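Protein chains in written order, with our numbering: chain A, 1 to 339; chain B, 1001 to 1339.
The reader is advised that the hints may include incorrect statements.
Stated by the list, open to error - Some chain B residues judged to face chain A by a derived CB distance under 10 angstroms, without partners named:
# : residue
1 : L1124
2 : R1204
3 : G1239
What the hints assert, rightly or not - Once the Cα atoms are required to be at most 27 angstroms apart in a straight line, the calculated DSS-like pairs of lysine-lysine come out as:
# : chain 1 : residue 1 : chain 2 : residue 2
4 : A       : K4        : B       : K1132
5 : A       : K132      : B       : K1013
6 : B       : K1013     : B       : K1311
7 : B       : K1014     : A       : K132
8 : A       : K254      : A       : K323
Calculated from the structure, these hints are not laboratory results.
This one's a predicted model, so the numbers in the text were calculated from it and none came from an experiment.
We treat Cβ as the ideally placed atom computed from N, Cα and C, and that holds for glycine.
Protein chains: 2
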Amino acid sequence: MSLKQIGEFGFIKKISRGCLIRPDNIVKAIGDDAAAFQTDPEQLTLMTTDLLVERIHFLCGTISGFDLGHKALAVNLSDIAAMGGTAREAFVSIAIPDNCQLDYLDGIYDGIKNLAAEFDVNVLGGDTTRSKIDLIINIVVQGIVAEAELLCRDAARPADVIFSTGFLGDSKAGLHLILNQIPADTEGLKSLLTAHRVPQPHLREGRFLARQTGVHAAIDTSDGLSSDLGHIAEESRVGARLYADEIPISQNLKDFCARFNFDPVDYALSGGEDYTLLCTVSPDRAAEIANAFEQKFRRPLFAVGEITEGKKITLVYPDGRTKPITPTGWDHFKVEKNE
Amino acid sequence: MSLKQIGEFGFIKKISRGCLIRPDNIVKAIGDDAAAFQTDPEQLTLMTTDLLVERIHFLCGTISGFDLGHKALAVNLSDIAAMGGTAREAFVSIAIPDNCQLDYLDGIYDGIKNLAAEFDVNVLGGDTTRSKIDLIINIVVQGIVAEAELLCRDAARPADVIFSTGFLGDSKAGLHLILNQIPADTEGLKSLLTAHRVPQPHLREGRFLARQTGVHAAIDTSDGLSSDLGHIAEESRVGARLYADEIPISQNLKDFCARFNFDPVDYALSGGEDYTLLCTVSPDRAAEIANAFEQKFRRPLFAVGEITEGKKITLVYPDGRTKPITPTGWDHFKVEKNE
Chain A
1 MSLKQIGEFG
11 FIKKISRGCL
21 IRPDNIVKAI
31 GDDAAAFQTD
41 PEQLTLMTTD
51 LLVERIHFLC
61 GTISGFDLGH
71 KALAVNLSDI
81 AAMGGTAREA
91 FVSIAIPDNC
101 QLDYLDGIYD
111 GIKNLAAEFD
121 VNVLGGDTTR
131 SKIDLIINIV
141 VQGIVAEAEL
151 LCRDAARPAD
161 VIFSTGFLGD
171 SKAGLHLILN
181 QIPADTEGLK
191 SLLTAHRVPQ
201 PHLREGRFLA
211 RQTGVHAAID
221 TSDGLSSDLG
231 HIAEESRVGA
241 RLYADEIPIS
251 QNLKDFCARF
261 NFDPVDYALS
271 GGEDYTLLCT
281 VSPDRAAEIA
291 NAFEQKFRRP
301 LFAVGEITEG
311 KKITLVYPDG
321 RTKPITPTGW
331 DHFKVEKNE
Chain B
1001 MSLKQIGEFG
1011 FIKKISRGCL
1021 IRPDNIVKAI
1031 GDDAAAFQTD
1041 PEQLTLMTTD
1051 LLVERIHFLC
1061 GTISGFDLGH
1071 KALAVNLSDI
1081 AAMGGTAREA
1091 FVSIAIPDNC
1101 QLDYLDGIYD
1111 GIKNLAAEFD
1121 VNVLGGDTTR
1131 SKIDLIINIV
1141 VQGIVAEAEL
1151 LCRDAARPAD
1161 VIFSTGFLGD
1171 SKAGLHLILN
1181 QIPADTEGLK
1191 SLLTAHRVPQ
1201 PHLREGRFLA
1211 RQTGVHAAID
1221 TSDGLSSDLG
1231 HIAEESRVGA
1241 RLYADEIPIS
1251 QNLKDFCARF
1261 NFDPVDYALS
1271 GGEDYTLLCT
1281 VSPDRAAEIA
1291 NAFEQKFRRP
1301 LFAVGEITEG
1311 KKITLVYPDG
1321 RTKPITPTGW
1331 DHFKVEKNE
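All chains, please: the whole structure from these sequences, using the hints.
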């Protein structure tokens, strides 16, 4: 049996056995956006970590140090956001190949510290070491959340309305430009590149959702809408119905898809790294929460479908046709990617 | 200015600027074995992280997956031990090259989980991803300690007795055997290999020391006695005197040095990765604590010297000759190492 055969999620299931030997005070272990455990009677500690490897997740020649540092932290902050938490402390491990320039490294730390400061996060420690070839960055973020406000993947209920806190598919379009060395010759294409390189963690949106009654499950869109909704469906033992014409597609992505002949809905479904939040909301609270969100953030909370009984995820087109959705997002051990 | 010129510790100082933007409740940031911050009125949270990279820290061909997993966790537990803490939760990030066998990976996780279970630590999360060439493991350990029991590098006082919780130099001798492909043809040489490959974190010893009054500063011997004592001296703004004939050298290391013509004291001073604890103890408490340690652990707490005024570290030979000590331990950006 090889790693490619069992895939990333098969591997995680395999190694998870026997990991939890002291279950007291552990609220979430492996299997959500972050681990959650009780350290204080008043609140939970959240912990998440992401490892970025050169030539797998990025190419130094195509991203500035600043943007790389920003992104390395942003993906972790997004996991804290998906749990409804407040990010507090970050720890940065870096392994540096000999040919890496000090200026580039300074850029990485500037990008990290700039984003950390925006969200009141300390960079409190880490590890610095050498690498033979590839630059490697591992960031860990610790956060906090009141137990009653914790958002998890496993709490979706049939009839819940599914929302996204932002547009989907932009990041994948930015990656397409980079991988195919297509110059970003319009403001629209530049925005797609920015969406891929400098994603904004939805921490404020996550805190807003966590404080509302009626918000049940949440996840961040790191693997792609179909995969991430698949995680919610699997963990909550439910299905879902998505409406093709309600999936939020930015004008930039529409223009990109028209120009390069892609289907924007496919892009939104399969594209990862958008780092919006998906959440499921009790139907009697959905309209009020969407209104309050729009009032607060001056942009819509996009309803994309609803949770159903069963296990299937179905895409419904405006003319009534339906298509079964199978997760098409990210599995590190099955596919290749490079920025 | 290159990374080689400023060195690991110069680089850390450079990147540390502007990292702490919310100092409330932060007890230790960058610069000790672990970060320490208040999350609960009763206790501090400790966090430490270590990044291990193939061909820098290990060669897969010379260490089993099990031993590699053990060591990757042990070095983190040792940092928690050096702060006087109890380790609680571990997070494992791994980047896996395509040619890595599933059996080897299973071994790594077995080694991690086996050591975690011994110290009642959960493996609570992490990240799994691909790597182009090198296997990469980053582990983060969260721990706890009562604020009054926290041990730091900066609390040594002149006249304190300096102790080590175990022998020094064995790990470096084990590394020498591996790097020079010398077969471990005696039980003694096998023990030196084991000291290098499967170090035992001194968590119980750290907790014992943390509970005693009169124990001032502590650090783990990851970089080598001279470097690690140098860290205590620098952070505490003191000097130290070491007695050459009191430095704890195992019989195995004596035999090794006799056979391969090395000076055992040099080995103990410059050899890293022993993962004993160095601590400094008020002179009026030293004898009592050493006795209690020996009673509890059935092996000595080795007095190796004392803290002095000033900034110098001096080695004193039995005949009264003295030699100034400059840190000769580990700097990742200045030297090369491979297992």
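Check your understanding: Among all the numbered hints in the text so far, which are the ones the structure does not match?
Key -> Checked against the structure, the hints that fail are numbers 2, 3, while the rest are satisfied.
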